[in-house]
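Sequence lines, in order, name chains A and B.
Residue 260 in my numbering sits at position 260 of the first sequence; the count goes up by one each step and never skips.
If you want my numbering, it's the 1-based position in the second sequence plus 445.
Because the hints were derived from the structure by calculation, they are not lab data.
Take the hints with a grain of salt, since some may be wrong.
To be verified - Not the full set, but computed from the structure, chain B residues with beta-carbon under 10 Å of chain A: (1) V651; (2) D655; (3) F740; (4) E836; (5) R838; (6) A844; (7) K862; (8) Q874.
Where a beta carbon is used, it is the ideal one built from N, C-alpha and C, also for glycine.
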Amino acid sequence: MKTFVGIDLGSTTTKAVLLDENSQVIGRGITNSRSNYATAARVASEEAHVDGRFTLFRRALNAGGGQSDELDTFLAALERAFRLEQFLEQLDDLEATCRGQVKGDRFAGLESGVQEAIGVVFTNLRGEAPELYAPGAKRKSDFFRDIAGSRYHTQAEEVARQAKLPYDLLLNVYDKSIIEVENRPPAGELSEKFHRALARVLAIDSVVRTGSTDVPQTIVDTLGIGLDETYLVGTGYGRVTLPFSKEHIRSEILCHGLGAHMMYPNTRTVLDIGGQDTKGIQVDENGIVANFQMNDRCAAGCGRYLGYIADEMNMGLHELGPLAMKSDRPARINSTCTVFAGAELRDRLSLGEKREDILAGLHRAIILRAISIISRSGGVTNEFTFTGGVAKNEAAVRELRKLIKENYGEVTININPESIYTGALGAAEFARRVYEGGAKMEHAS
Amino acid sequence: MTATQIVTPKTAAKDVEKDVSMRKQKTMMAAHYDRITSAPETGKKICCTFVPGNLNELIMCFDLLNNLPEVNAIQSGLRRASGNFILEAEKIGHSEDVCTYVKSDIGMAAKGNIAPNGKKFPDPDVLLLSYTGCFTFMKWFELLREQYKCETIMLHTPYMGDGKITPNMIQYMVKQLKEEVIPKLERISGVKFDIDRLREYLKNSVKAEDNLVRVLQTAKSKPSPIDAYFGGIYYIGPIFGAFRGTQDAIDYYRFLREEVEERLAAGQGPVTPDGDMGEEKYRLVVEGPPNYTNFRQFWKMFYDEGAVVVASSYTKVGGVYDFGFRHDPDNPLETLAEYCLGVYTNRSLPMRIDMLTNYVNEYEADGLLINSIKSCNSFSAGQLLIMREVEKRTGKPAAFIESDLVDPRYFSAANIKNRLESYFQMVEQKRAGSRAAA
Numbered sequence: 001m002k003t004f005v006g007i008d009l010g011s012t013t014t015k016a017v018l019l020d021e022n023s024q025v026i027g028r029g030i031t032n033s034r035s036n037y038a039t040a041a042r043v044a045s046e047e048a049h050v051d052g053r054f055t056l057f058r059r060a061l062n063a064g065g066g067q068s069d070e071l072d073t074f075l076a077a078l079e080r081a082f083r084l085e086q087f088l089e090q091l092d093d094l095e096a097t098c099r100g101q102v103k104g105d106r107f108a109g110l111e112s113g114v115q116e117a118i119g120v121v122f123t124n125l126r127g128e129a130p131e132l133y134a135p136g137a138k139r140k141s142d143f144f145r146d147i148a149g150s151r152y153h154t155q156a157e158e159v160a161r162q163a164k165l166p167y168d169l170l171l172n173v174y175d176k177s178i179i180e181v182e183n184r185p186p187a188g189e190l191s192e193k194f195h196r197a198l199a200r201v202l203a204i205d206s207v208v209r210t211g212s213t214d215v216p217q218t219i220v221d222t223l224g225i226g227l228d229e230t231y232l233v234g235t236g237y238g239r240v241t242l243p244f245s246k247e248h249i250r251s252e253i254l255c256h257g258l259g260a261h262m263m264y265p266n267t268r269t270v271l272d273i274g275g276q277d278t279k280g281i282q283v284d285e286n287g288i289v290a291n292f293q294m295n296d297r298c299a300a301g302c303g304r305y306l307g308y309i310a311d312e313m314n315m316g317l318h319e320l321g322p323l324a325m326k327s328d329r330p331a332r333i334n335s336t337c338t339v340f341a342g343a344e345l346r347d348r349l350s351l352g353e354k355r356e357d358i359l360a361g362l363h364r365a366i367i368l369r370a371i372s373i374i375s376r377s378g379g380v381t382n383e384f385t386f387t388g389g390v391a392k393n394e395a396a397v398r399e400l401r402k403l404i405k406e407n408y409g410e411v412t413i414n415i416n417p418e419s420i421y422t423g424a425l426g427a428a429e430f431a432r433r434v435y436e437g438g439a440k441m442e443h444a445s
Numbered sequence: 446m447t448a449t450q451i452v453t454p455k456t457a458a459k460d461v462e463k464d465v466s467m468r469k470q471k472t473m474m475a476a477h478y479d480r481i482t483s484a485p486e487t488g489k490k491i492c493c494t495f496v497p498g499n500l501n502e503l504i505m506c507f508d509l510l511n512n513l514p515e516v517n518a519i520q521s522g523l524r525r526a527s528g529n530f531i532l533e534a535e536k537i538g539h540s541e542d543v544c545t546y547v548k549s550d551i552g553m554a555a556k557g558n559i560a561p562n563g564k565k566f567p568d569p570d571v572l573l574l575s576y577t578g579c580f581t582f583m584k585w586f587e588l589l590r591e592q593y594k595c596e597t598i599m600l601h602t603p604y605m606g607d608g609k610i611t612p613n614m615i616q617y618m619v620k621q622l623k624e625e626v627i628p629k630l631e632r633i634s635g636v637k638f639d640i641d642r643l644r645e646y647l648k649n650s651v652k653a654e655d656n657l658v659r660v661l662q663t664a665k666s667k668p669s670p671i672d673a674y675f676g677g678i679y680y681i682g683p684i685f686g687a688f689r690g691t692q693d694a695i696d697y698y699r700f701l702r703e704e705v706e707e708r709l710a711a712g713q714g715p716v717t718p719d720g721d722m723g724e725e726k727y728r729l730v731v732e733g734p735p736n737y738t739n740f741r742q743f744w745k746m747f748y749d750e751g752a753v754v755v756a757s758s759y760t761k762v763g764g765v766y767d768f769g770f771r772h773d774p775d776n777p778l779e780t781l782a783e784y785c786l787g788v789y790t791n792r793s794l795p796m797r798i799d800m801l802t803n804y805v806n807e808y809e810a811d812g813l814l815i816n817s818i819k820s821c822n823s824f825s826a827g828q829l830l831i832m833r834e835v836e837k838r839t840g841k842p843a844a845f846i847e848s849d850l851v852d853p854r855y856f857s858a859a860n861i862k863n864r865l866e867s868y869f870q871m872v873e874q875k876r877a878g879s880r881a882a883a
């Protein structure tokens, strides 16, 4: 079948969306941008293809009229098994890379000991991997670097202690290897991993037939459907470094506008707060950008600002919003300069102000900046769609709602749970339209 | 997955291509700088003045050499020297927000005041402020007066707040010319004012002005044979600088007109530093000054995308000829007053909106692009408002970018390119939208 890929290369994460010919989203994929956009683009795209397979499985299985909750359980198990297969494959790569790093003066006389220790660490990692993907298991992140990293550190510390080897030698080989592994485009055929995952599920799960559907056969048949990458469009800050030719590149402003329009066709104003930029965009009834403004010279008030504040407070990024929500007396923070905000934060903490009040003030400062950008782009016209990573932050959303109401009255505010994919969605739709336009031109000639 | 296509970077930059007129102008400018720097030997006196509403014809009547600090700052920007000059001025105590022309000039003086020809600029004998719409000009000359301990003459130009020039305004300015400006210039230069000499210079001005207007208006054709912003900046150099009223200017503009008309007849587009521009894809009107520190890179962002500027307000910064104004030798002092009053930034916001709207319509542009300069209030105040109004009246999309005149720290190439590309794609999309609707 024909598919259309949109890739949004952000400063922090890279997103991909896979559309079918009817502009329906088949799959979404995300990965960290890891300062290697070419790999990030491939990984995100592959993730979207994986997600796309599940959409096709679901479509095929639902067509068979099976019990939906049974199917959901089965598909969830299949996904966990697939992720496990993927994880194991990357572990193998990581192990081989780590082993290759055991060389040089540092390891003199200890090579065989370190090699043996690496072997033990990876045997343990493989052994515990199924637990990571067991039903109900919580993972801190879905990125290989985060999952493998935290488990490797724990295992290596223990193994080094028992083998009486310096722990830093094991850390050293990991640190040298993980970037290499991450920057290597994913190896291995997706469909092979799916087959292995299916076998894994069938070995423990008896649900093979529901309604009139032969589940395993449906999965195998669906895997046979080729997902042709008919056309691809890239966007986002990293687009200039993309290995795509010019006709495959669109500005992220246009992509965000179109993406927001596809999610909410009545959207007229879009605010996107990403890692390093804030965009205020006005779109018309067709999702075409009519005007835009974005931050210039300074990325204060963007996602990175929150990341910096989280580091300063020794908190996780996702913990900031909930804590700020506890405030009933937000502090008045005037400085939106990221670095100054850190200074202001320490100053206020030392004066005894509550963390939640300071955080609430910082969230308000971000949104005030965004409101200024929106107003310069032409204000807010119903409906208003908020996208980007910061749209997931409830405290930021609360301040935004307040300020929009104060400045523009009652306005419908849309926030999509998949809003991080807005740019990639727009890019995919551009890809589809380019193809459609091309096809039409062929008819005309 | 199908493999993605790898695109290798373009080949290394070639030598800059120039029109013959550009080379001719370069020679003129070099000769002028030589005249200025050799003043201590020739005994000539120097008058510093500003580009908007400059009174070159009058200055020449007193055998004074016109040295324009703004033009020197632009030269420093183009030669990538302004960055250090600005740092020098900041060291002296000028804040980050001060106009960067001022800081480049002050810093250049602090660093030995070396002209583009490598010789030292002589100190000015008089500072003539003939346009006061830019408040910074006044402060600038206040600083220079302190530095050079020379005389200052101020001709106050009333603002065109009501959108028109009244007889009172002209009388007020002529009175200042007669009672203040001319007597002082006579005393400083030691040359008696001769109104017939002024008339002769003004006759010369008109000849050059007619040809300049013709050149700028060729951009109404499709494709436009000129870029009326990046190329236009070269075209306005002599007339807004020290050449208006001279035979040199007459020759230059006649030559330029012939050159441009040849391109027009041949159906050619503008000449860019990379040679002939490719297909004209977008026609833009640009408001605001350009960036000079990355001038070529900035221009390239346009011509690489097939964008040509067909009209710009910046090429009217010295004086506006669009509505028929020409220097009038029959009313020499009145015409000087009218010239100063008509300067682009002396026009009210509604007048500027009208002008830009007309440009978009008359030059059949795809829209308006504003390059907003943070440290230039004369231009930047009200620009967002202007943008929205022009957008509303023309129905064409507008965009806003930000940079600086000669401070390299405020030129963020990735950011500007991002906005420009977005804008071009926006124009493209709008066209596709209207084609679909048609």
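Comparing the hints with the structure gives:
1. Given hint, V651 of chain B at the interface with chain A, is violated; its Cβ is 42 Å from that chain's nearest Cβ, farther than 10 Å.
2. The criterion of a C-beta within 10 Å of any C-beta in chain A is not met by D655 of chain B, whose closest approach is roughly 39 Å, and the hint is violated.
3. Interface restraint check: F740 of chain B against chain A, minimum CB-CB distance 19 Å, threshold 10 Å, status violated.
4. Contact between E836 of chain B and chain A, as hinted, is supported at the beta carbon level, the nearest pair being about 7 Å apart and thus within 10 Å.
5. For R838 of chain B, the interface hint is violated, since its Cβ never comes within 10 Å of a Cβ in chain A; the closest pair sits about 15 Å apart.
6. Because the beta carbon of A844 of chain B sits about 7 Å from the nearest beta carbon in chain A, less than 10 Å, this interface hint is met.
7. About 8 Å separates the beta-carbon of K862 of chain B from the nearest beta-carbon of chain A, less than 10 Å, and the hint is met.
8. A distance limit of 10 Å between C-beta atoms decides the matter here; for Q874 of chain B the minimum to chain A is near 5 Å, and the interface restraint holds.
Violated hints, listed in ascending order, are 1, 2, 3, 5; each of the other numbered hints is respected by the structure.
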